[in-house]
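Colleague: Residues per chain, in single letters:
Protein chains: 2
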Amino acid sequence: MSELRKDPIVDRWVIISRERGKRPSEFSSLKQEKKSGFCPFCPGNEDVVPPEILAYRQPGSQSNDSNWRLRVVPNKFPALHIEGDLVRQGDGVYDMMNGIGAHEVVIESPDHLATLSTMPIEAVEDVLWAYRDRIRDLAGDERFRYILVFKNQGQAAGATVEHSHSQIIALPIVPKRAKEEVEGAKKYYDYKERCAFCDIIQQEINQGVRMVSENHEFIAVCPYAPRFPFETWILPKRHTHDYQTNSKNMIEGLALILSDTLKRLNRVLDTPPYNFILHTAPVNYQDTSSYYHWHIEIIPKLTRVAGFEWGSGFYINPTPPEESAKFLREAKI
Amino acid sequence: MSELRKDPIVDRWVIISRERGKRPSEFSSLKQEKKSGFCPFCPGNEDVVPPEILAYRQPGSQSNDSNWRLRVVPNKFPALHIEGDLVRQGDGVYDMMNGIGAHEVVIESPDHLATLSTMPIEAVEDVLWAYRDRIRDLAGDERFRYILVFKNQGQAAGATVEHSHSQIIALPIVPKRAKEEVEGAKKYYDYKERCAFCDIIQQEINQGVRMVSENHEFIAVCPYAPRFPFETWILPKRHTHDYQTNSKNMIEGLALILSDTLKRLNRVLDTPPYNFILHTAPVNYQDTSSYYHWHIEIIPKLTRVAGFEWGSGFYINPTPPEESAKFLREAKI
Chain X
148 MSELRKDPIV DRWVIISRER GKRPSEFSSL KQEKKSGFCP FCPGNEDVVP PEILAYRQPG
208 SQSNDSNWRL RVVPNKFPAL HIEGDLVRQG DGVYDMMNGI GAHEVVIESP DHLATLSTMP
268 IEAVEDVLWA YRDRIRDLAG DERFRYILVF KNQGQAAGAT VEHSHSQIIA LPIVPKRAKE
328 EVEGAKKYYD YKERCAFCDI IQQEINQGVR MVSENHEFIA VCPYAPRFPF ETWILPKRHT
388 HDYQTNSKNM IEGLALILSD TLKRLNRVLD TPPYNFILHT APVNYQDTSS YYHWHIEIIP
448 KLTRVAGFEW GSGFYINPTP PEESAKFLRE AKI
Chain A
148 MSELRKDPIV DRWVIISRER GKRPSEFSSL KQEKKSGFCP FCPGNEDVVP PEILAYRQPG
208 SQSNDSNWRL RVVPNKFPAL HIEGDLVRQG DGVYDMMNGI GAHEVVIESP DHLATLSTMP
268 IEAVEDVLWA YRDRIRDLAG DERFRYILVF KNQGQAAGAT VEHSHSQIIA LPIVPKRAKE
328 EVEGAKKYYD YKERCAFCDI IQQEINQGVR MVSENHEFIA VCPYAPRFPF ETWILPKRHT
388 HDYQTNSKNM IEGLALILSD TLKRLNRVLD TPPYNFILHT APVNYQDTSS YYHWHIEIIP
448 KLTRVAGFEW GSGFYINPTP PEESAKFLRE AKI
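Residue numbers (the working numbering), protein chains in the order written: chain X, 148 to 480; chain A, 148 to 480.
What the hints contain is simulated information worked out from the structure, not anything from laboratory work.
Treat the hints with care, since some could be wrong.
One copy or two, either will do: identical chains are not told apart, so a pair holds if it fits within one copy or between any two.
[As the list claims (entries may be wrong)] Quick list of in silico lysine-lysine cross-link-like pairs, BS3-like style, CA-CA up to 27 Å: (1) Lys153 with Lys395; (2) Lys326 with Lys410; (3) Lys410 with Lys333; (4) Lys333 with Lys384; (5) Lys395 with Lys339; (6) Lys333 with Lys153; (7) Lys153 with Lys339; (8) Lys384 with Lys326; (9) Lys339 with Lys384; (10) Lys384 with Lys395; (11) Lys384 with Lys334; (12) Lys473 with Lys384; (13) Lys410 with Lys384; (14) Lys395 with Lys410; (15) Lys153 with Lys473.
Everything numeric in this text was worked out from a predicted model, so none of it was measured.
Produce the entire structure from the sequences given, and follow the hints as far as they go.
Modeller: Okay, here's the thing in C-alpha cells:
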C-alpha cells in the first residue's frame, strides 16, 4: 500500500509508492531501456491490462474486445488505490495519509505509432472528451480534491510505454503547484476584481510578441516567465475555471489548437519529448469559478541544465519566450 | 543582458538569459554531447576563464598562476551580471528586473578526475570554506537577497564541464523554494516556539529508521517525505540558520559527513549523477536566526519518471526513505 506524506516545512505532499519499490541495482541511471516487441496497449492485448473503465468503441463491439478507438484502464502499477477510507495520521512532527486515489491510463489510439500530433483531429477530440468524462466521474467521489491529467511523451519525458497515452491521477489533496496557482489567482482577483488569466490573455493578444496561434476559442502562447525553453500554454479565451464544463465547440477548438501546437513544436524542435499538464480547478473544494482559469501547459524536454531547478524553485531559461514564440509562429506545418 | 521575470500568478522568478540563447537546432534534445580533450578548469588553462575572485594557493604562488588548490572564477557565460543598478519595472500585468547578480564557479581541485567523494578530506574542506568565503563577500552587496550554492555532478545532472566544480549565484530576490522554506519554518516557530528542523533532527535521531550516518556536528538522513529515491539531507545538529557562521569544527564535521554520504551513494547506486543544493538563510532580509536552519539537500538523478513533477509540484517516489536509508547505512565504504 502506498502512502501520502507531507513535508513538515513546505506544504508539499509526495506519494511514497512501496509497491513500485526498486532495489538500488534496478535504477537504470538514465541508461537507455531495452524495447521489447510486445505492447500492452495495442489491440488484441486487452487482457494484459485491467478491464476498461471507459472506452469509445466501434458500433456493436463489446467491452474489452479489440474494436475500440480509445480506452481508459486502471494503471496496472497504480501509485494510489481506489478502495478504502481516507485515514490521516501523525507521527511526531510528520503527517501522512494512506494512499487512497485513482490512477488511470488513457490509451489514446489503437495505432501503436500514432501520436497526438499525427492522429486525425477526431481522435484528438476523443482524447479530450475522455479527460472530461473521467474528471466528471472522479469528481463525484468526495474523497478527492484534485484530478491531475498529464502526458509524458517520449522516454526522456518519463514515458515507459511507447504507445501514445496520458495519465489521470485523482488525489485526496490539492497538489502544491495547483494550490499556489489557485491562491495566486484569488489574490489577484481580490485586488483587481478581474481574473488574472483573462488579463494575461488580453495583454498577449494585444502585444502579439509571445503569441503562437489563435482560433475562435483558444490561444497558444509562450508565457512571459517560462521556466523552460519553448514552454507553451494553451488557454481558453473565454473565462472558464473548470475543464469539466467544456462544450462541444470548446473541445473542437482545443483539439485543433493542441494538434497545431504540437505540430509546430515537432517542426521547430525535431519532435522533442515533452510533458503536458492540464491545469484545472480543484474538485470538492472552495468555489474558484470567478478567479481560476483552466489551461494546458506544454513543456518540451530540451535541456539538462534544469539540474538544480526543482530543488531551488529557481529557473534559468536560455530562450526568451518572444524568440521561441516567433519560431513556433513562423513554423511551416 | 539577461532579465529576471516574475510569473504573474505564482510567486516565481525566472532568469531569461539572452546571451545564452540558442537556436532551436542547437538544443541537443538530451543527446550525448561530444567530449573535447580540452578542459578549461585544468591547471595551465587559467587564461581561458575570467581572472580568479578567490583562490587557495601554494605558498609563494601568484594570482592566476597554476599553483592552486582551489579557484573561484566568474562564470564565463553568466546568467546574471554584477555591474549596474537594480531596476524594477512593470509591463502591463507583468513584472521584471534587469539581470543583476553574480554567477561564479568553484573549481574544486586541480585534479581533472577528482570528485568530492574521491578527493582528500582537506580538499573537501577547501570547497566548503570557499562557499563560506564567497557567501560572506556577496552578502555584503546590499542588492542581493539570496546566495544560491549548488552542484551538478555528472552530465545527466546538468554538468557541462566534467572537471569537478560547484556554482554560486547571487540573486536580487529570494527564490521561491527558499522563501517557502523560510516561511514554513517561521509558521512552525510562531506556533511551537521551536525550530522545525531541530524537532525533525530530534525525531530522526530517536527513531533511527531514516538515519544514514552521524558525527559530532551533523546528521545525514533520508527525509520523511522525499521527492526522489535516495534523496538525502545533511543537517547540523546544533541550531544555526546561516552557513556563513560556520566554525572550523563545523566545516571539518561537514567535510567528513559530506564525503561519507557521497561515498555511500556511489557505493549503493553505482556512482550516480546528482545535484546538491545548499539551503541557507537569505541575506539582507528579515532576521531568520531563531527559526531557520541551514542544511544541504542531495538529489541523485536516478529516474526519468519525474517527467511531470516540476509542472504539478506533485511527486511520486518509488522508494520509501526508510529503505534507501537502510541501504545507505549498511553500505560498505
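Colleague: Going back to the hint list, which numbers does this structure go against?
Modeller: Per hint list: 1, 2, 3, 5 violated.
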